[in-house]
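Asks: Residues per chain are reported as follows:
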Amino acid sequence: MYELLNQNQLFIVLTVILTIWFGIIWYLARLEKKIKKLESHIKKVD
Amino acid sequence: MNYVKCFSVFLISVSIITGIAIPMVPQPQGWLEFPIIPGLEDKARNIFFHVPVAWTSVLGFLVALFFGYKYLRTKNLDYDMKSVTSAGLGLMFCILATVTGSIWAKFNWGSFWNWDPRETSIFILLLIYGAYFALRSAIDSDEIRARLSAVYSILAGLTAPFFIFIMPRIVGGLHPGAKGDTAGSTPVAQLHMPTNMRIVFFMSIIGFSLLFVWLFKLRIRAAQLENHLSNKEN
Chain A
1 MYELLNQNQL FIVLTVILTI WFGIIWYLAR LEKKIKKLES HIKKVD
Chain W
1 MNYVKCFSVF LISVSIITGI AIPMVPQPQG WLEFPIIPGL EDKARNIFFH
51 VPVAWTSVLG FLVALFFGYK YLRTKNLDYD MKSVTSAGLG LMFCILATVT
101 GSIWAKFNWG SFWNWDPRET SIFILLLIYG AYFALRSAID SDEIRARLSA
151 VYSILAGLTA PFFIFIMPRI VGGLHPGAKG DTAGSTPVAQ LHMPTNMRIV
201 FFMSIIGFSL LFVWLFKLRI RAAQLENHLS NKEN
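Just so you know, the sequences run in chain order A and W. Under our numbering, the letters of the first sequence match residues 1 to 46, in that order. Under our numbering, the letters of the second sequence match residues 1 to 234, in that order.
Please note that the accuracy of each hint is not assured.
[As the list claims (entries may be wrong)] These stretches of chain W come out as covered by chain A in the derived footprint (C-beta under 8 Å, 3 or more residues):
(1) 98-107
(2) 212-219
[Said to hold, decoys possible] Far from chain A, by Cβ distances over 10 Å, these chain W residues were calculated:
(3) Gly-39
(4) Asn-76
(5) Phe-162
(6) His-228
If you are wondering where the hints come from, they were derived from the structure by calculation, not from laboratory data. Note that beta-carbon positions come from the ideal geometry of N, C-alpha and C, so glycine has one too.
Starting from the given sequences, assemble the full structure and let the hints guide the process.
Replies: Right under this line is the structure:
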């Protein structure tokens, strides 16, 4: 296992960074959806 | 706006994958091999993330300067909101540049912080924009706060390119591109990279700039909602 991790260090780094990056995209997309929902709600109320 | 989002996600994802997965070899034979840069080796991959993040922080500070100027001309508080939003994003990217730079410094120079001219200049920039937010939080009146911070953002924005691009190049130091740097890392600092590295680098620069636009628009919309709700409450 140690050898496997040692030989594929770059791919482990890549996996971690991609996970963080896609997490950020997911968070931003969710935030945008919420803002859109609030905007349309306010438009309706006004 | 959807194009901005999609291009930003696409370009940054491709830069992450290619920037990390493409092997670095002494004699590259094709497009899918990067050359080893003497003095940096595998650590040179950080150039695809550290430099674009630092560039985006300058972009944020310059956009804050622009909207600060627009506020002073029109006295429209929307411009103040845009200016502070942009400065906030600039500060966030500046912190990211400091963190990625410190990690790079640890593996290249032996410690996280060396008070190299480049590190000192980014530290001063962090202090300048930290003071900007401290100044804003200390003033109650909307108009006075907007006017003072517009003037401050113009002065601070003018210093940002100096601290990031000029000062570290006219003083000797550890950072690639510093005065008197004769090591093999100079080609990276002067962007004399092989074509495939340059493509990944500029894809990352454009991707991060588009990410800034996406975040900026998102924060503006959130701030407008907040203003609308607080106006209703009053």
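Asks: Verify this label for me: Asn-76/W is non-interface relative to chain A, using a Cβ-Cβ cutoff of 10 Å.
Replies: Fine: 21 Å to the nearest Cβ keeps Asn-76/W off the interface.
Asks: Over 10 Å to the closest beta carbon of chain A is the bar; see if Gly-39/W clears it.
Replies: Given that every Cβ of chain A is farther than 10 Å from that of Gly-39/W, nearest at about 19 Å, it holds.
Asks: Beyond 10 Å on every Cβ pair: is that true for His-228/W relative to chain A?
Replies: Check fails; 6 Å does not lie beyond 10 Å.
Asks: Given that the stretch 98-107 of chain W was listed as covered by chain A, double-check it with a C-beta distance under 8 Å for 3 or more residues.
Replies: violated (count 0)
Asks: For the stretch 212-219 of chain W, does the count of residues with a C-beta closer than 8 Å to a C-beta of chain A reach 3?
Replies: With 3 residues in contact (Cβ-Cβ under 8 Å with chain A), the coverage given for the stretch 212-219 of chain W holds.
Asks: Can we trust that Phe-162/W is non-interface, i.e. its beta-carbon lies farther than 10 Å from all of chain A?
Replies: The assertion about Phe-162/W holds, with a minimum of 31 Å to chain A.
Checked against the numbered hints given earlier, the structure breaks hints 1, 6 and satisfies all the rest.
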